[in-house]
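Protein chains in written order, with our numbering: chain D, 121 to 256; chain P, 121 to 256; chain Y, 121 to 256; chain E, 121 to 256; chain U, 121 to 256; chain L, 121 to 256.
Keep in mind that the hints are not guaranteed to be accurate.
All copies of an identical chain are treated as equivalent in the list; a pair is satisfied when it fits inside any one copy or across any two copies.
[What the hints assert, rightly or not] Within a straight-line C-alpha distance of at most 25 angstroms, the following computed SDA-like cross-link-like pairs (lysine to any residue) qualify:
# : residue 1 : residue 2
1 : Lys-148   : Lys-215
2 : Lys-174   : Trp-156
3 : Lys-215   : Asp-133
4 : Lys-174   : Met-217
5 : Lys-215   : Ala-171
6 : Lys-174   : Pro-255
7 : Lys-215   : Glu-131
The set of hints was computed from the structure by calculation and includes no laboratory data.
6 protein chains.
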Amino acid sequence: MSTLPLPADPEADSRVRAVFDDIRATRKTDFINHLWRALAFDPPLLERTWAEVKALMAQPTLLDPLTKEMVYIAVSIANSCSYCVHSHTAAARAKGMTDAMHAELLAIVALAAKTNHLANGLQLPIDAAFDCSQPS
Amino acid sequence: MSTLPLPADPEADSRVRAVFDDIRATRKTDFINHLWRALAFDPPLLERTWAEVKALMAQPTLLDPLTKEMVYIAVSIANSCSYCVHSHTAAARAKGMTDAMHAELLAIVALAAKTNHLANGLQLPIDAAFDCSQPS
Amino acid sequence: MSTLPLPADPEADSRVRAVFDDIRATRKTDFINHLWRALAFDPPLLERTWAEVKALMAQPTLLDPLTKEMVYIAVSIANSCSYCVHSHTAAARAKGMTDAMHAELLAIVALAAKTNHLANGLQLPIDAAFDCSQPS
Amino acid sequence: MSTLPLPADPEADSRVRAVFDDIRATRKTDFINHLWRALAFDPPLLERTWAEVKALMAQPTLLDPLTKEMVYIAVSIANSCSYCVHSHTAAARAKGMTDAMHAELLAIVALAAKTNHLANGLQLPIDAAFDCSQPS
Amino acid sequence: MSTLPLPADPEADSRVRAVFDDIRATRKTDFINHLWRALAFDPPLLERTWAEVKALMAQPTLLDPLTKEMVYIAVSIANSCSYCVHSHTAAARAKGMTDAMHAELLAIVALAAKTNHLANGLQLPIDAAFDCSQPS
Amino acid sequence: MSTLPLPADPEADSRVRAVFDDIRATRKTDFINHLWRALAFDPPLLERTWAEVKALMAQPTLLDPLTKEMVYIAVSIANSCSYCVHSHTAAARAKGMTDAMHAELLAIVALAAKTNHLANGLQLPIDAAFDCSQPS
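All chains should be built: construct the whole structure from the sequences, respecting the hints.
This is the structure we're talking about:
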């Protein structure tokens, strides 16, 4: 149950149609997922959000596409965002994540969470050796 | 200010010494960071935690070492663990993370957090197309 | 699926009935939502929780009612509480939140999450100019 | 650096003095920690917060005092609240938490965080056997 | 909807069968819950995770079994892990948690969250009296 | 201690200078806070982040400026971002937030966190009356 109606005919708005056309062209698919349909209720928010996702996740950048999806999944798990865990796990699978890579990703996310909680419980001072704040 | 004293002479305990020796040998350095020194207050917890970190982060696995550090940083940011952000940023730098890669990592973590909050605010239903729960 | 049974006849307990009567009178509706029905399993917890919600959210205070609901939604999104996102979005709508206001609220929550993650990734020192700890 | 000045003479306000007197009497100490001094900037908020802490944490209830402190520490770690981790670790130590108990508490908090992240990454359906929502 | 298929016949793998046999023997029940079935997709991850859960949660340790479950629930609530809240609430009930104990646990978790947010909003300096970092 | 050096002369880069000039002109001050100085290590990330902050927070929009700062503080507290709590509390103060408004904001954030944890602990089903997903 979403907190606002998914619009029946979002592309009646020309700004929404332009974004949806770009999503389809960029991703080479007719599928428009719920996030974009929901954001159609506010075309400027839709435009800005898609522009950012496109630039970082749908176009070539420095990091490889699968690494980016795995980082995205990691953050989504830690923030407990069910929708984003599902959508980016599906994206990672489409980009070649195997069972073994998925298992290792989950193992590292879980280990990080474990030591995050240990370190926050211990309230450790930062080691001087970890100081990256000085010009090298 | 930590929540327990960092021990003055942790290696007086032979189990602690064995773990610290293994940390030094595995990492090829004499440096033992605060997390391990603090965990020395309970040798079994120290042994189990190091065994897991060693197996996943300090030995070759399926994912490459730098990808693993970036995933670790991502989780640590989302969980607001200052110590782990520092220690794993230093580790990623040591493994070759450049300024440009660091910037892109932070940009993706921030974008993921942004859409996590949008999706949690919208309470979107999962698209059927994202269903990875059926055998392929 | 809740973690305890929603009681069939919670108002058989006179303390519960008194709270439910006050909820109905304060909100001018017969509707008692699941949170209060569930808390009926422990009347003192129900009483204290309702007293606090009533004082801050159901009675006039310094901040206007819609601002308070938007702050409540913001926290509930960040804490990933699906129930509270739903209940307080409905409350904000009832108090006049339009589509455009909802979109702007979500945009600000998402932007805050984005810069929260950037700042936690950068581990920035607090600027002296932000120091509010000295008497003016 | 706090986000508001800690007042120099908070007990000049009679409502604040009454709360501080009750804190000293309840805890049998002259020490008033920063949380209460900061909340003195709004006496009603100070009164309500202390009343709740007193009722649940400073008076006998069903759960024993040390168990309550350990639950409090666990939540504070997961919410990354440095102040509360420190204050409640000190309180737990004062109530008898030994090194070994502290280590086991941290181990369980860390394990819970680990499986929390695994389960959120796997998006598991709830087992019917865990259903506590039906009257027994 | 999980993010990977729950395997139809996980015990065809001998390592999985060995873990499941140990779960059944340790817990004295034929029931294997979804977490373990899902983790069967990666036997080493399954083995390591069960070994840790068994050692801390299914065997006698310093803290009593019900206290450990309550700490586990507290972390799972704060991390917004629906699966773990359900599974560990059921476990705590099986180990004797009454309605009144459940209510008090939830009240303490909620109070901790409240003061966590107050303290994080106030950005309080740690009181010197809470310093546990010096040897006693 | 930041995770990268704050550059000594960031405005030597013309793209950085252009952003800093816009920050000074928009905010009518010579002060450039650490977030922008740190982001200067990657001019495109700096440009995009400032563009978004400027559009939503530094220019007139539908919601009033103080409401927006209070929502921003609320999210930053829940995400435990010390830097953002400080910077946006200072901004809210500059825009007119009084002690009484600050206290009420913190009280609502804390109450929301409290009921978030209660509702996540109870795993409540959403009331049909809260359904905002149908067109009205």
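> Which earlier hints turn out false for this structure, listed by number in ascending order?
Replying inline: The structure breaks hints 3, 6 and 7; every other hint is satisfied.
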